[in-house]
Amino acid sequence: MPLLLWLLSESVVMAQSGAIEIPAGSFHSVLPEVLGEPHRVDSFILDETAVTNREFSRFLTENPQWTPSEIPALYAGKRYLQQWSNEDGYGDEAKADVPVTRVSWYAANAYCGWKGGRLPTLNEWEYAAQLMDFNSPEEADRFSSELIGWYSAVDANQRKPVGSTGIENRVGVKDLFGLVMEWVEDFKPPVANDLSLDCGTVGRMQGSRSMYGYAMSIRYITRMSFKPTSTTGMLGFRCAYDLPPEKEINSRQSSAQTPDASDKKISH
Amino acid sequence: MHLIKKSPINGGPIMKTMKRIFLLSSLFFLPLLASSQHSVTMSNTGLEASDAYHAESLYHMNAKWTNQDGESIQLSDYQGQPLILVMFYGRCTGTCPVLMQRTWKLYSEIDEEIRDRVQILAVSFDYKNDTPEALKAYADYEQLDIPGWNFVTAGHSDIRELAMLLGVQYRERSDGHFEHSNLITALDSSGKIAVRSEGITGDLTGTASEIEELFTTELQ
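Going down the list, the protein sequences come from chains R and S. In this text, residue positions in the first sequence follow my numbering: the first is 1, and each later residue adds one. In this text, residue positions in the second sequence follow my numbering: the first is 269, and each later residue adds one.
Bear in mind the hints are in silico, worked out from the structure with no lab data behind them. One or more hints might be untrue.
Stated by the list, open to error - Some chain R residues flagged as far from chain S (calculated, every beta-carbon gap over 10 Å):
(1) Glu62
(2) Ala73
(3) Tyr75
(4) Arg118
(5) Thr121
(6) Asn135
(7) Gly213
(8) Arg219
Said to hold, decoys possible - Computed footprint of chain R on chain S, listed as stretches where at least three residues anywhere in the stretch have a Cβ under 8 Å from a Cβ of chain R:
(9) 322-335
(10) 419-429
Note that the Cβ used here is the ideal one computed from N, Cα and C, for glycine as well.
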């Protein structure tokens, strides 16, 4: 029994340290550069799961200026890591593999910088989130409608560990939906000030009339309403990394031969 | 309360000048801090107090920037004096030349007696292309190779953090150019955002006098 437990916990740790290469491709953004045209994304590396309490706690040990007692008001709201039972840690081992939440954008950005990466850009995150395979339009609609339900009531006190949703994109990135919403590098893109957060805007933002497009619009709008100091229980994050230069060239070459990711995108 | 040990100011003529200014101005600055009603906890000795930044001070940012001469700069190096910040990128052919010209215009509208104490930090979004060498060439080309002007770059997440602190939005387009806000910000001598001028049109006289006031406050 102890051996089994050890094996289980080992595999969880392995999963967390995993990062996955996302092949280049394109997707339909609700905020396209050119109206009606898919947005191209170069290949990059994305964490397989969201950053956990355990991982974030390690960051704080090495970077005490980001602990709740040291962090200046400039960088985080009052509820920063409020759910942790004490200053340095999440307390309960059961929470170790739960995505860390109530982290401000600044803290998330600093964590990823410390890891040698960065937060994924809005377009990178959205592209990864759209690399989903469905067997039929009906299945895609069913998924999207569940997604809309989830977005309308994201649990700010959720306790499930990473990897527990069973939702995985085409290349194995887990829980992009279903656990927490996630910070992206440019969650307020330059257009954000011009958009008001009313229903009409959501309607206009819809790139398509599909359920998936509607879920996506809700996600964009919600994200734009955050402030960089926001510390809500709805929000966690994962990190992205640039490919090493030589690898970038290889993957660009190979992606020219593979069909555009948007071709395989769920049908509307 | 947050304490950060002030890093030693490193070499380079700019840094040396700044150190002198810092030592001078801190004489005026410390009593000012002590009398303010902000949430700064002052310690008993003046020496330690200079390490305590206001909760909203951008000096908390400990990113290391590299200027066009390869020198290292931190925002807290400017402690005790106002600082004008502008974010741009060197290859920009759209609004950036206008934004930088506007920054120069603002600079030239500041009272001559103050102007040689004005510090400008122009931060590039384009960490891939705007190397110190490229920034040097840019400053020369735009005839902005002026004492007190620093053109700097840093790591990706540092640049994004500063943009977020200033409220500058930017996004790299697929053609490698950037969509971005056009914003000139001035920090007061404690590192807090004091003046913001958005856009690339309009009169700058008001902004210039607001910045002059930051220097007057500093010397009171």
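How the hints compare with the structure:
no., hint, verdict
1, Glu62, "holds, 14 Å"
2, Ala73, "violated, 4 Å"
3, Tyr75, "violated, 7 Å"
4, Arg118, "violated, 5 Å"
5, Thr121, "violated, 8 Å"
6, Asn135, "holds, 31 Å"
7, Gly213, "holds, 21 Å"
8, Arg219, "holds, 17 Å"
9, 322-335, "holds (count 6)"
10, 419-429, "holds (count 6)"
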